[in-house]
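Let the hints inform the model, and build the full structure from the sequences given.
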Amino acid sequence: MSISSLAWGFTYLVVQLFGYVAVMSQAAWQVIIVLIPVMAASIWYQ
Numbered sequence: 001m002s003i004s005s006l007a008w009g010f011t012y013l014v015v016q017l018f019g020y021v022a023v024m025s026q027a028a029w030q031v032i033i034v035l036i037p038v039m040a041a042s043i044w045y046q
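Count the sequence shown with this note's numbering and you get residues 1 to 46, in order.
Please note that the accuracy of each hint is not assured.
[As the list claims (entries may be wrong)] Simulated DEER-style distance windows between Cβ atoms:
hint, residue 1, residue 2, range
1, Val38, Thr11, 28 to 38 angstroms
2, Tyr20, Ala40, 12 to 22 angstroms
3, Gly9, Tyr45, 19 to 29 angstroms
Quick caveat, the hints were computed from the structure, so don't treat them as lab data. Computed from a predicted model, the values in this text were never measured in an experiment. All C-beta atoms, glycine included, are put in the ideal place defined by N, C-alpha and C.
This is the structure we're talking about:
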């Protein structure tokens with residue numbers, strides 16, 4: 001598997017995740033409150 005296909009796959013997953021979060025946030029805005037610390041922790045652990 002080449003690095004470019006791996007990067008595109010990762011980008012696709014991130015965009016899809018943000019899409020899910022956007023749809024969920026319209027129904028449950030509390031998701032944003034949880035999402036921000038989780039994303040910060042995820043970036044920090046990387």
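Verification of the hints:
no.	hint	result
1	Val38 with Thr11: 28 to 38 angstroms	violated, 19 angstroms
2	Tyr20 with Ala40: 12 to 22 angstroms	holds, 19 angstroms
3	Gly9 with Tyr45: 19 to 29 angstroms	holds, 21 angstroms
The structure does not agree with numbered hint 1 stated previously, though it agrees with all others.
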